[in-house]
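Student: What follows is each chain in one-letter form.
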Amino acid sequence: MGEAVPSAEEPILAASRISKSFGEVPVLFSVDFDVRAGEVHALIGENGAGKSTLIKILSGLEAPTSGTILLDGQATDLPRNGEAEALGIVVIHQELNLAEHLTVAESIFLGREWTRWGFVRRTDMREEAKRILDGLHVSIDPDARINTLSVADKQMVEIAKAISRDARVLIMDEPTAVLTPAETEYFFAQVQRLKSKGVAIVFISHKLDEVMKLSDRITVLRDGQLIATVETGDLTPDSIAEMMVGRELSNLYPPKQEPDFDAPIVLEVEKLTAPGVRNVSFSLRKGEILGFAGLIGSGRTAVMEAIVGLQGRSGGSVSVRGQPVEFKTVAEALRAGLVYMTKDRKGKGLLLNIGLQPNLTLLTLFRHMRAGFLVESSEVEAMERATRRFDIRARDASVRVGQLSGGNQQKLMLGKAMESDPEIIIIDEPTRGIDVGTKQQIYHIIAALAKEGKSIIVVSSEMQEVIGLAHRVVVMREGRRTGTLEGAEITEGEIMRYAAGLKGDREDDRASA
Amino acid sequence: MTVQAHEGVKPARKKFMTLDFHTLGPLLALIALCIFGFLLNPAFVSEGNITNLLTRSAFIGIIAVGATFVITAGGIDLSVGSMAAVISGVMIIVMNNAIGTMGVGVHIVLIGCVASIALGLAAGFLNGFMTTKGKIEAFIVTLGTMGIYRSLVTYFADGGTLSLAFDVRDVYRPVYYGNILGIPIPVLAFAVVAILGWVLLNRTAYGRYCMAIGSNETVARYSAIKVDRVRTLTYVIQGFCVSIATIIYVPRLGSASSSTGVLWELEAIAAVIIGGTMLKGGYGRIGGTVVGAIMLTTIGNILNLTDIISNYLNGAVQGVIIIAAVWLQRGNLTTLSPFRRKRAS
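Heads up: the sequence lines are chains A and B, in that order.
The first sequence begins at 2 in this note's numbering and counts up one residue at a time.
The second sequence begins at 66 in this note's numbering and counts up one residue at a time.
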């Protein structure tokens with residue numbers, strides 16, 4: 002290409018009047034988008050707004066139905082199959098694409114190994130990997146296997162990979178979705194570093210505060226339409242949210258309705274000890290929403306899995322409606338009216354390669370049997386019921402669950418859990434990777450269930466969510482409960498103090514393994 | 066709300082569009098193969114030949130129905146051929162010994178059948194137990210038992226052949242050579258096993274659980290499914306199918322040796338895969354398996370009836386057909402068809 006370095010105002014990569022349809026379903030309508038050197042351009046919108054498709058087009062994974070892609074001002078046909086990397090356009094996908102068994106150095110050079118006479122130059126590549134990682138100020142051993150790294154470190158490896166490819170445009174799809182606040186801070190510092198080097202960065206996120214903090218410009222998509230591209234400084238989180246949803250979002254959280262003062266205790270956990278859990282006690286009253294806050298890895302999921310029988314426990318007791326129980330399988334918990342919704346929708350919650358209906362009824366197939374045989378009409382009925390109740394949207398019934406947006410997957414999972422007509426519902430990360438509109442729906446569903454008299458535990462890493470929903474909040478740290486907050490105590494600062502170990506029970510405060 | 070284009074979940078589009086090559090492919094291929102056979106030699110469609118063909122496909126077919134369960138649930142069973150051999154051998158030994166105390170009669174055959182079924186269930190359970198509780202890959206477990214069973218039958222036969230006493234053969238003969246209403250008994254057995262298998266896989270919770278486990282074991286576990294039990298049971302079903310196939314097979318030759326049932330495991334797996342069941346699990350089709358089993362036998366039959374390709378190349382032709390079938394299923398043909406459906410974002 003030419004030597005002319007584009008000025009800061011000249012976009013490196015631009016999309017002009019891009020439209021895209023899959024079959025007869027249009028997903029993008031004449032969208033304009035551009036990104037300049039040294040800027041962070043955030044791309045936001047609800048799930049299904051067309052962000053992922055736009056990214057795929059910008060990186061050459063999909064060809065637009067109409068419209069042009071301009072690279073350095075020149076109309077280009079981007080090569081398919083990710084070969085656009087050679088042109089300096091690198092994508093970091095939401096699901097990190099790293100081979101778990103390779104080393105860090107091997108991963109960074111995967112696909113373009115340095116060779117001499119057909120043999121890989123391992124030492125040289127290792128040196129270079131180390132140089133790049135040092136440049137990022139991260140302490141990752143180039144010889145470490147990917148599967149030994151934390152998610153945040155894996156992300157850093159992806160960034161190192163992008164740098165080693167001399168990325169001019171770096172596109173990141175929800176990079177912070179799986180990071181803890183501390184890791185996110187750290188990640189942002191790296192993004193700033195890349196930005197100052199003149200890399201053009203496209204950034205998708207559902208977390209509006211992050212978008213506000215990190216980006217220079219924001220483009221909002223809704224239903225495949227370009228709503229606006231605006232300087233970040235001209236916006237407030239509220240105005241962005243409204244642009245995304247196209248309506249006012251005054252009541253993201255439903256009004257809290259305290260459970261009766263004398264409501265019976267339905268779940269009592271005492272001194273629960275299990276892998277990753279030490280001495281956790283709490284109780285849940287009928288009609289209550291109990292929040293579980295803490296940093297990622299603080300043992301909240303482990304507590305829940307130990308309660309429902311997915312994890313063995315080594316000590317403590319659990320009782321449901323006064324009866325001591327020790328569930329060995331999910332089926333036993335289910336029979337006692339306890340259901341657990343995993344935070345890992347794709348890996349543990351839903352079968353992605355089949356349709357909605359078998360997923361919905363998988364937990365409760367016994368309800369759709371007559372004389373040992375499945376009754377399909379009964380399943381169809383359940384699907385229709387859940388579709389209405391939880392507003393599940395799919396093109397048609399033949400769509401595979403993996404093709405649904407995160408929000409619809411979450412609603413389907415909620416439907417699946419509610420099919421068992423539980424009394425106690427444990428929801429782990431109810432809105433991870435979900436757009437604002439669907440979040441609001443899910444919050445209202447949760448509140449409505451509590452009002453009906455269901456008892457709900459909400460485990461969430463989004464503090465706002467716990468604050469907005471829960472009547473009481475249990476904070477965990479390193480496998481232990483450090484505090485329980487009620488009423489006016491439930492504030493971001495207070496939760497953080499307990500979560501970070503500044504307040505609360507600190508006996509036997511040893512480093513976690 | 067302002068979401069356009071989709072409102073709720075609509076029923077699937079017109080049925081014939083979704084029933085494209087993926088579902089009908091194996092059947093269409095079988096029909097094409099039959100037309101081809103007829104053109105080469107009109108004797109192909111004679112009643113005698115068709116009966117013969119279906120009878121011969123019954124062994125592999127019955128075993129393949131069991132294999133459909135194992136594979137759908139994400140497992141594999143390589144031991145079925147050896148298992149059939151060792152069950153044949155033990156059946157013959159049991160029956161020959163029983164004559165001494167009980168005399169010849171139908172009861173001897175029944176004792177043989179009970180022995181066969183008991184052994185089949187036990188061998189299947191062993192495979193299942195070691196894979197689930199022992200947490201060893203099914204491939205390894207069944208590779209191991211394949212070797213064990215094969216050497217056991219060789220040992221029982223002392224390196225030679227185990228022969229069924231002649232007077233029992235006469236009583237037992239009709240199980241392979243007999244017919245009911247003109248339909249050979251092996252074909253009937255195949256049909257019954259296939260129908261039961263289809264119902265179990267498609268109309269019961271158990272079948273749904275097999276698919277769920279094959280699709281994603283963790284999701285199954287989180288969905289209150291007893292993964293180990295369901296999976297072990299697939300091997301037990303497989304063992305049962307092998308024992309039924311063996312019961313039909315023994316009267317055919319009246320003997321068992323170390324070469325009995327060689328490569329049956331591969332033919333059974335091939336029948337399952339040709340039929341459209343996914344090797345990595347999660348999706349199984351009994352109907353396809355039946356077609357696959359018949360197709361494999363048909364290939365050999367056509368080669369027997371014509372001189373174009375040497376009969377010795379039977380395995381090669383089967384190999385080509387297997388690869389071609391899977392190639393077509395991977396959507397290589399559907400991308401050319403007007404029915405193709407692209408994934409939405």
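One or more of the hints may lead you astray.
To be verified - Simulated restraints, written as ranges between beta carbons of each label pair:
(1) A:E128 x B:V385: 26 to 34 Å
(2) A:P27 x B:V385: 37 to 45 Å
(3) A:K329 x B:F101: 35 to 43 Å
(4) A:E84 x B:I260: 49 to 57 Å
(5) B:V159 x A:E327: 53 to 61 Å
(6) A:R81 x B:F101: 57 to 65 Å
Claimed, not checked - Lysine to aspartate or glutamate pairs mimicking EDC-like chemistry, simulated, CA-CA at most 20 Å apart:
(7) A:K155 x A:E101
(8) A:K329 x B:E202
(9) A:K349 x B:E282
(10) A:K344 x B:E282
(11) A:K208 x A:D167
(12) A:K504 x A:E479
(13) A:K198 x A:D135
(14) A:K347 x B:D232
(15) A:K349 x A:E333
(16) A:K257 x A:D73
(17) A:K155 x A:E175
(18) A:K196 x A:E11
(19) B:K291 x A:D392
(20) A:K196 x A:E184
(21) B:K291 x A:E327
(22) A:K349 x B:D293
(23) B:K345 x B:D232
(24) A:K287 x A:E479
(25) A:K347 x B:E202
Note that these hints are calculated values from the structure, not bench results.
Every value quoted in this text rests on a predicted model; they were computed, and no experiment measured them.
We treat Cβ as the ideally placed atom computed from N, Cα and C, and that holds for glycine.
Student: Next step is simple, just say for each hint if it's right about the structure.
Tutor: To see whether the hints hold, each was checked on the structure:
1. A:E128 x B:V385: 26 to 34 Å: 50 Å, violated
2. A:P27 x B:V385: 37 to 45 Å: For P27 of chain A and V385 of chain B the Cβ distance comes to about 43 Å; the hint holds.
3. A:K329 x B:F101: 35 to 43 Å: For F101 of chain B against K329 of chain A, whose Cβ atoms are near 57 Å apart, the range 35 to 43 Å is violated.
4. A:E84 x B:I260: 49 to 57 Å: 51 Å, holds
5. B:V159 x A:E327: 53 to 61 Å: For V159 of chain B and E327 of chain A the Cβ distance comes to about 46 Å; the hint is violated.
6. A:R81 x B:F101: 57 to 65 Å: 39 Å, violated
7. A:K155 x A:E101: 10 Å, holds
8. A:K329 x B:E202: Violated, because 24 Å separates the two Cα atoms, which is more than 20 Å.
9. A:K349 x B:E282: OK: K349 of chain A and E282 of chain B at ~8 Å, within 20 Å.
10. A:K344 x B:E282: Holds, at roughly 16 Å.
11. A:K208 x A:D167: Since the Cα atoms of K208 of chain A and D167 of chain A sit roughly 28 Å apart, the hinted pair is violated (cutoff 20 Å).
12. A:K504 x A:E479: With Cα atoms ~13 Å apart, K504 of chain A and E479 of chain A stay inside 20 Å; holds.
13. A:K198 x A:D135: 16 Å, holds
14. A:K347 x B:D232: 62 Å, violated
15. A:K349 x A:E333: With a Cα-Cα distance of about 18 Å, the restraint between K349 of chain A and E333 of chain A holds, given a limit of 20 Å.
16. A:K257 x A:D73: Violated, because 53 Å separates the two Cα atoms, which is more than 20 Å.
17. A:K155 x A:E175: 14 Å, holds
18. A:K196 x A:E11: 15 Å, holds
19. B:K291 x A:D392: 31 Å, violated
20. A:K196 x A:E184: 18 Å, holds
21. B:K291 x A:E327: 17 Å, holds
22. A:K349 x B:D293: 17 Å, holds
23. B:K345 x B:D232: 47 Å, violated
24. A:K287 x A:E479: 28 Å, violated
25. A:K347 x B:E202: Answer violated: K347 of chain A to E202 of chain B is near 24 Å, above 20 Å.
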